[in-house]
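Asks: In terms of our numbering, the sequence shown is residues 1 to 289.
Errors might be hidden in some of the hints.
[As the list claims (entries may be wrong)] Simulated restraints on C-beta separations:
no.: 1; residue 1: L134; residue 2: N260; range: 54 to 64 Å
no.: 2; residue 1: K124; residue 2: K102; range: 23 to 33 Å
no.: 3; residue 1: K160; residue 2: Y236; range: 23 to 33 Å
no.: 4; residue 1: R40; residue 2: Q213; range: 22 to 32 Å
no.: 5; residue 1: Y236; residue 2: K102; range: 38 to 48 Å
[Unchecked claim] Mimicking DSBU-like on lysine-lysine, the simulated pairs with C-alpha atoms at most 30 Å apart in a straight line are:
no.: 6; residue 1: K139; residue 2: K157
no.: 7; residue 1: K118; residue 2: K214
no.: 8; residue 1: K105; residue 2: K193
no.: 9; residue 1: K186; residue 2: K135
no.: 10; residue 1: K28; residue 2: K88
no.: 11; residue 1: K121; residue 2: K23
no.: 12; residue 1: K193; residue 2: K20
Honestly, the hints are just simulated from the structure, not real lab data.
Just so you know, these numbers come straight off a predicted model, no measurement behind them.
For every residue, glycine included, the Cβ atom is placed at its ideal position computed from N, Cα and C.
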Amino acid sequence: MNKDLTLVFSSYQSQQLLYKILKQFHKKYKVIVVENSLDRKIKEKIEKKFQNVDVVIPNENLGLARSYNLGIKRSKTKFVFLNNPDMKITDKSIKELLFCAKKIKNFGAISPVFQNEKIYKNYKIFKKKKNINLKFFKKFGIVEVDLLDNNFLINKKNIKKNLFDINFFLFFETLDFTKCLQKSGKKLYAANKIKFNHFGSSSLPKKFGNLVQKTRAFHYNWSKFYYLRKHYNYFYAFRKVVPSIIRAIKKILINIFKFNLKGIQMNFLELLGIFTAIFLIRAFFRPKN
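Input sequences plus hints: build the corresponding full structure.
Replies: Okay, here's the thing in structure tokens:
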């Protein structure tokens with residue numbers, strides 16, 4: 001078993017995807033799963049079926065930021081690979097990613113890239129950086145980037161106390177984390193020749209579709225405003241969410257005309273998320289399915 005790396009997953013009733021991942025990796029790496037559904041049966045089944053797996057049941061649904069912080073703190077290895085269960089990656093890719101992390105000094109985070117970037121791109125480059133003339137940079141297509149969105153590997157020593165901002169529940173927390181790392185002087189990297197697949201919201205069974213929609217409606221908007229206020233300023237954030245406010249109000253009026261009660265509920269949650277953030281109230285909403 002690899003003694004340098006721990007795989008950390010934040011999960012909510014994602015055991016079907018976790019089974020596939022754990023079957024592939026449980027004998028090769030230490031794995032920590034933070035199960036936010038609080039379902040102890042999932043813990044019992046997984047830990048009975050797979051070795052080297054620690055399923056943590058918190059006292060409440062922590063969301064992604066606090067789940068990752070918990071996983072980082074509980075890990076005992078130098079490197080940690082942070083993921084949601086809705087991904088697929090080969091052992092070869094993980095080994096290559098870990099090889100790069102060991103070679104790069106004082107980095108913030110390094111990530112593989114999505115197999116088809118037209119569908120999903122997990123990094124952003126705002127300004128082109130200087131090319132680094134090292135053989136392994138060329139071999140793995142490593143480029144310096146400005147932001148990474150999930151599925152990245154960190155060195156715990158390098159991040160020190162720069163953990164995830166616990167004000168986020170869902171959305172924008174990984175962008176915020178990597179932006180803060182960059183601001184602290186740590187560099188972010190994407191390895192273009194190390195690939196993975198990402199399945200999006202399919203990490204949850206279809207019966208939780210309503211939960212997903214309500215969670216996104218509130219928390220995406222709250223987190224967007226909070227992220228922009230934190231890294232730019234309050235008025236910039238406000239200006240950026242005004243179109244969302246207008247759009248949500250228009251949709252409410254249309255859905256009232258159509259007697260679409262679910263649509264009205266989702267649009268109301270969008271407005272609630274935005275105005276909760278505008279009035280500097282924490283992201284309190286925890287939906288039920």
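Asks: Out of the numbered hints, which ones does the structure contradict?
Replies: none
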